[in-house]
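Put chains B and L on the given structure of chain A with help from the hints.
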Amino acid sequence: MPKHIVRLILLIVAFGVAVVSARNFLVDKSFYEYGHYRGNAVAEIARDKPKYQGTTYCQSCHAAQFAEWSKGVHDRTDIGKVVKCEVCHGPGGGRDPQQGYINASTGPIHPDNLKLAVPTDTRALCTLCHEQMPGRPLQQAQIVIEDHAGAQQCTLCHNPHSPRMIFGSLAAPAHPGNAAAGRDKIDMCASCHGAEGISAGLPGPTLAGQNEAYLVEALKAYKAGKRSNPMMTAMAANVNDGDIENIAAYFASLKCKRTVNAADQAALARKAGASVCTNCHGANGISTDGMAPNLIGQSKDYLANALKAYASGTRSNVVMFALTKGMSDVDAEKLAAYYASSSCK
Amino acid sequence: MDPLFAAAPFTGYVYPNETVFPWGVLIVVYPYLTGLVAGAFTVSSLYQVFGLKQLRPVAHFALVTSLCCMIVVPVPLLLHLGQPERAFNAVFTPHWSSAMAMFGYFAGFYIILLIIETWFVFRPYMVQQAQSRKDLLGRLYHVMCLGSYDLSDKAMRYDQKWIFALAILGIPGAHGLHGNVGFLFGSLKSREWWSSDLMPVIFLFSAIISGVALLIVLYVLSCKLRRVAVDIPCVKGMGYTLWGFMMFTLLLELVEFGSLLYKGREGIDMIMEFISTKLVVPFFVLQLSIGAVTAILILSFLFWRHITGRALVAGIMLSALLTLFSVLMMRFNVVIGGQEISKTGKGLLTFPWEIFGRDGILAAGSVLIAPLLLLLVMVRILPPWQDSPAAASH
Amino acid sequence: MDEKEQFGEGQAARRSFLGCLGTAVVGGAAAVAASAMLSNETRAAAVDAPPVPAIPGYDWSKHHWAFGVDATKCIGCLRCVEACKAENEVAPDAHHFRTWVERYVYLEGEDSARVDSQADPVNIEASGSEGKYRFANRYKDAKVDKAFFVPKLCNHCTHPACVQVCPTGATFKTDDGVVVIDHTYCIGCQYCVQACPYGARFFNEALKVTEKCTWCYHRITKGLLPACVEVCPVGARIFGDRNDKQSPISEFIKNNRVEVLKPETGNAPNVFYVGIDKEVS
Numbered sequence: 002m003p004k005h006i007v008r009l010i011l012l013i014v015a016f017g018v019a020v021v022s023a024r025n026f027l028v029d030k031s032f033y034e035y036g037h038y039r040g041n042a043v044a045e046i047a048r049d050k051p052k053y054q055g056t057t058y059c060q061s062c063h064a065a066q067f068a069e070w071s072k073g074v075h076d077r078t079d080i081g082k083v084v085k086c087e088v089c090h091g092p093g094g095g096r097d098p099q100q101g102y103i104n105a106s107t108g109p110i111h112p113d114n115l116k117l118a119v120p121t122d123t124r125a126l127c128t129l130c131h132e133q134m135p136g137r138p139l140q141q142a143q144i145v146i147e148d149h150a151g152a153q154q155c156t157l158c159h160n161p162h163s164p165r166m167i168f169g170s171l172a173a174p175a176h177p178g179n180a181a182a183g184r185d186k187i188d189m190c191a192s193c194h195g196a197e198g199i200s201a202g203l204p205g206p207t208l209a210g211q212n213e214a215y216l217v218e219a220l221k222a223y224k225a226g227k228r229s230n231p232m233m234t235a236m237a238a239n240v241n242d243g244d245i246e247n248i249a250a251y252f253a254s255l256k257c258k259r260t261v262n263a264a265d266q267a268a269l270a271r272k273a274g275a276s277v278c279t280n281c282h283g284a285n286g287i288s289t290d291g292m293a294p295n296l297i298g299q300s301k302d303y304l305a306n307a308l309k310a311y312a313s314g315t316r317s318n319v320v321m322f323a324l325t326k327g328m329s330d331v332d333a334e335k336l337a338a339y340y341a342s343s344s345c346k
Numbered sequence: 035m036d037p038l039f040a041a042a043p044f045t046g047y048v049y050p051n052e053t054v055f056p057w058g059v060l061i062v063v064y065p066y067l068t069g070l071v072a073g074a075f076t077v078s079s080l081y082q083v084f085g086l087k088q089l090r091p092v093a094h095f096a097l098v099t100s101l102c103c104m105i106v107v108p109v110p111l112l113l114h115l116g117q118p119e120r121a122f123n124a125v126f127t128p129h130w131s132s133a134m135a136m137f138g139y140f141a142g143f144y145i146i147l148l149i150i151e152t153w154f155v156f157r158p159y160m161v162q163q164a165q166s167r168k169d170l171l172g173r174l175y176h177v178m179c180l181g182s183y184d185l186s187d188k189a190m191r192y193d194q195k196w197i198f199a200l201a202i203l204g205i206p207g208a209h210g211l212h213g214n215v216g217f218l219f220g221s222l223k224s225r226e227w228w229s230s231d232l233m234p235v236i237f238l239f240s241a242i243i244s245g246v247a248l249l250i251v252l253y254v255l256s257c258k259l260r261r262v263a264v265d266i267p268c269v270k271g272m273g274y275t276l277w278g279f280m281m282f283t284l285l286l287e288l289v290e291f292g293s294l295l296y297k298g299r300e301g302i303d304m305i306m307e308f309i310s311t312k313l314v315v316p317f318f319v320l321q322l323s324i325g326a327v328t329a330i331l332i333l334s335f336l337f338w339r340h341i342t343g344r345a346l347v348a349g350i351m352l353s354a355l356l357t358l359f360s361v362l363m364m365r366f367n368v369v370i371g372g373q374e375i376s377k378t379g380k381g382l383l384t385f386p387w388e389i390f391g392r393d394g395i396l397a398a399g400s401v402l403i404a405p406l407l408l409l410l411v412m413v414r415i416l417p418p419w420q421d422s423p424a425a426a427s428h
Numbered sequence: 069m070d071e072k073e074q075f076g077e078g079q080a081a082r083r084s085f086l087g088c089l090g091t092a093v094v095g096g097a098a099a100v101a102a103s104a105m106l107s108n109e110t111r112a113a114a115v116d117a118p119p120v121p122a123i124p125g126y127d128w129s130k131h132h133w134a135f136g137v138d139a140t141k142c143i144g145c146l147r148c149v150e151a152c153k154a155e156n157e158v159a160p161d162a163h164h165f166r167t168w169v170e171r172y173v174y175l176e177g178e179d180s181a182r183v184d185s186q187a188d189p190v191n192i193e194a195s196g197s198e199g200k201y202r203f204a205n206r207y208k209d210a211k212v213d214k215a216f217f218v219p220k221l222c223n224h225c226t227h228p229a230c231v232q233v234c235p236t237g238a239t240f241k242t243d244d245g246v247v248v249i250d251h252t253y254c255i256g257c258q259y260c261v262q263a264c265p266y267g268a269r270f271f272n273e274a275l276k277v278t279e280k281c282t283w284c285y286h287r288i289t290k291g292l293l294p295a296c297v298e299v300c301p302v303g304a305r306i307f308g309d310r311n312d313k314q315s316p317i318s319e320f321i322k323n324n325r326v327e328v329l330k331p332e333t334g335n336a337p338n339v340f341y342v343g344i345d346k347e348v349s
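Protein chains in written order, with the numbering used here: chain A, 2 to 346; chain B, 35 to 428; chain L, 69 to 349.
One chain only, chain A, in its complex shape (with noise of 0.2 Å):
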């Protein structure tokens, strides 16, 4: 054969062999191992920290919150509906996406030195799933939130942790006040809410075994100037803090019997509508939520008057601006119409 056809040859050979040789010495020794890919990889991928802990992790120093959330209903599992700490809060490990890239396994760790966000714009943050939008199920709680807050916080009225609590935890008063000592103070109210604190007729509301938060609140209102009532105003503005919680005090003591015919009231619910208000202030008038005040033995047009100074924002309040926003006069009259018909005897 010619020389050149032999030195050719040998030159392929060579660069087979440089091949073969690069090849095994530059391919992982791991590959093949289980298949085609390099086997190392795969403990590698999972040795990646997890970011998210989970709930124990939140809870082990954040009891009391935790003991909160548990209990309410963004803690459902029962229906699937499950709102975790991380949800709202961010993962209690890693770091803000913001950052850009770093080795995952090396980054920092709630609490260390990792601060995790407390979300202040709670509209923006609860009507991520609350918003009422074509798209989401029926039995998901949907709302749209100028009307349901107008321009509040949803944390005004709602506790994150467990929303639907809200209201009972405000409902003690700072200093419980000494009825004893409000009794001696009420001669000039009981002119207008009767000494026994039922109106029956009189030009006040009942006010007797009204929760006695709500009454701290309105007398300070009034005193405040924040609600307006010209015989209120005066009255309010000579009384001091401790009197308006002993009176307050005074009041709540007092006994309401309930007096109803239950058929008419029936009838009467159905026209109105009024369950929503049932949420807070019963379906017979009696709170159910601290704040709320009873409806029981008030006269139809005192609620009537509520009702529209509410609707008006005459009279200040969010959730009650929020649920009676619109609400024409003819409505409000049956619902004051329904609560009216249970009374105090």
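Source of the hints: derived by calculation from the structure; they are not laboratory data.
Heads up, some of the hints might be wrong.
Said to hold, decoys possible - Pairs of lysine-lysine residues, derived as DSS-like cross-links and limited to a Cα-Cα distance of at most 27 Å, are as follows:
| no. | chain 1 | residue 1 | chain 2 | residue 2 |
| --- | --- | --- | --- | --- |
| 1 | A | Lys-326 | A | Lys-221 |
| 2 | A | Lys-301 | A | Lys-326 |
| 3 | A | Lys-301 | A | Lys-335 |
| 4 | A | Lys-82 | L | Lys-322 |
| 5 | B | Lys-297 | B | Lys-312 |
| 6 | L | Lys-214 | A | Lys-82 |
| 7 | A | Lys-30 | L | Lys-276 |
| 8 | A | Lys-85 | L | Lys-200 |
| 9 | A | Lys-50 | A | Lys-30 |
| 10 | B | Lys-380 | L | Lys-346 |
| 11 | A | Lys-224 | A | Lys-186 |
| 12 | L | Lys-130 | A | Lys-30 |
| 13 | B | Lys-258 | B | Lys-87 |
| 14 | L | Lys-211 | L | Lys-346 |
| 15 | A | Lys-82 | L | Lys-290 |
| 16 | A | Lys-326 | L | Lys-208 |
| 17 | L | Lys-313 | B | Lys-380 |
| 18 | L | Lys-200 | A | Lys-50 |
| 19 | A | Lys-50 | L | Lys-290 |
| 20 | L | Lys-208 | B | Lys-380 |
| 21 | B | Lys-188 | B | Lys-87 |
| 22 | L | Lys-346 | L | Lys-214 |
| 23 | L | Lys-208 | L | Lys-313 |
| 24 | L | Lys-313 | A | Lys-82 |
| 25 | A | Lys-50 | L | Lys-276 |
| 26 | B | Lys-195 | A | Lys-4 |
| 27 | A | Lys-116 | L | Lys-200 |
| 28 | A | Lys-227 | A | Lys-85 |
| 29 | L | Lys-330 | B | Lys-380 |
| 30 | B | Lys-168 | A | Lys-4 |
| 31 | B | Lys-380 | L | Lys-211 |
For chains B and L alone, coordinates are given in the frame of chain A:
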């Protein structure tokens, strides 16, 4: 800092990740180059294997052109890779089910074959140069000869056998390489626009016409530059080759296009919208009308009227240029067009053109010009001219 | 030189040519196969049980992971999308997602759905940032016939098209049924991005490799749930081990008539859907 990617605007609904095009203009250039490789090699084989003697003036030139294009083929791929330094992973641990892994082997096999065949073809010239020159270039020729100056009859007979064997082996080699590129697109079931059994065949035929067209253009240009008369029978032979293969190509493309529309599978509404809006200019106007149909009409007219002389050369040259353009547009319409139709079948994307950057027009243009520059150097080292004595003396 | 001798020499030349070519070109492939077989054999002989990757406290041969999506429960809050981005450090922009949520809305009198995802410019404007996600209430005043949300993610197919086309073996299916990417071996050709019919893969421009959902392989091998499942407030995402007949996913598949996306591709996905519609693909 420059953004790392260009996001494509879209209409309708596209998957969120689709707004970044995985493949850009570099991947348009890549099948174009492999096509030129296969096409140019076909011309050389037509002479070496199939005995089309009138192609003798361009036979060696075709081989060198094919080699120059082939050397540049990996460049757009490497430029496009996220991790070019790991490219050998595909060769060292090739995943045999992947058309892309096969590319490494097709390309590796073919480029070695091409180098060896070129070496055999130019061995007499290299020996003669090595013996006559004493300068640095002479040394280079000496190394390239592998130190053997054997030009005996026996050696030449060996060489001829090798050349013949390599030329035969090169036909499946070159067309395997380019057919594999067609398969790479045609085998993807995720894209209706690509997913076609005809894709490799269309790629092959369009490759042949682009290679023949490139040789026509380069040969005529080289004659002008070298002040040599153009060999009319040779150009006419290539013109006939171009004409015949072009008709097949056009037919295949229309069959493929028609069957896509006729089958009318899921997402056809979006494809129809695509065809009637975005595709009008690049496909119907540029690729089909101006490129393919005009070129066929010119060639048909030339051969029907038996035109010859300068007019024939000019006409064939023009249709070759149009063909080159048409095939480039075809690659564009396949690669970019396929990605402009969303996998959702509910939306269309618009390719975000980039000028600078790794996947920009400048980079792609440079890659397209690179084989020509390489060729300019190569023809000085290995002159492939085989002009007939009459022409040379002209 | 006579005819015979020439012939003989030609034959010899051809033989040696073939022999050498065999060594050079085929030799590489043969060496690959041989070394693969050898290494497997030696390993198999050394221990009785087949070897498993060294993941502490985890044996992949005991698990067969699968994912469920109950689209009837999804409220489109996109906590899953943000959690995934945080957990996996996905680029915080509107073009790279390991998981996403689609919204399908049929308006009155329209035959086909209007579809958008959190990456739609309108929704990005509503969230105020490309790294935060919320669905804009764009249909609140429209007459909507039917609307629903569909979470999407990598389907971890039984016959993954992406793995089929990967030239290097950088992406592969683990024995416990998860398709993952070896970021140190990926060459970044993005052929897999093209091959995935579901748009689940994308190119990570920072790492210059392809990226996708791993079902949080680093979590599930530690007994945790994938981040998106962990944070879903309504239980629309279900994950578990099909080897365990009591696992949530086994129950989900048993108790529902589940569907998969684009079954015609033959990919055989392992994300099972309930409550999707004709236009979801």
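Results for each hint:
no. : hint                   : verdict
1   : A/Lys-326 to A/Lys-221 : holds, 25 Å
2   : A/Lys-301 to A/Lys-326 : holds, 19 Å
3   : A/Lys-301 to A/Lys-335 : holds, 9 Å
4   : A/Lys-82 to L/Lys-322  : holds, 21 Å
5   : B/Lys-297 to B/Lys-312 : holds, 21 Å
6   : L/Lys-214 to A/Lys-82  : holds, 23 Å
7   : A/Lys-30 to L/Lys-276  : holds, 24 Å
8   : A/Lys-85 to L/Lys-200  : holds, 19 Å
9   : A/Lys-50 to A/Lys-30   : holds, 26 Å
10  : B/Lys-380 to L/Lys-346 : holds, 13 Å
11  : A/Lys-224 to A/Lys-186 : holds, 16 Å
12  : L/Lys-130 to A/Lys-30  : holds, 25 Å
13  : B/Lys-258 to B/Lys-87  : holds, 22 Å
14  : L/Lys-211 to L/Lys-346 : holds, 20 Å
15  : A/Lys-82 to L/Lys-290  : holds, 24 Å
16  : A/Lys-326 to L/Lys-208 : holds, 20 Å
17  : L/Lys-313 to B/Lys-380 : violated, 38 Å
18  : L/Lys-200 to A/Lys-50  : holds, 23 Å
19  : A/Lys-50 to L/Lys-290  : holds, 10 Å
20  : L/Lys-208 to B/Lys-380 : holds, 23 Å
21  : B/Lys-188 to B/Lys-87  : holds, 24 Å
22  : L/Lys-346 to L/Lys-214 : holds, 13 Å
23  : L/Lys-208 to L/Lys-313 : violated, 42 Å
24  : L/Lys-313 to A/Lys-82  : holds, 23 Å
25  : A/Lys-50 to L/Lys-276  : holds, 22 Å
26  : B/Lys-195 to A/Lys-4   : holds, 16 Å
27  : A/Lys-116 to L/Lys-200 : holds, 19 Å
28  : A/Lys-227 to A/Lys-85  : violated, 39 Å
29  : L/Lys-330 to B/Lys-380 : holds, 14 Å
30  : B/Lys-168 to A/Lys-4   : holds, 23 Å
31  : B/Lys-380 to L/Lys-211 : holds, 22 Å
Going through the hint list in order, the structure does not satisfy hints 17, 23 and 28.
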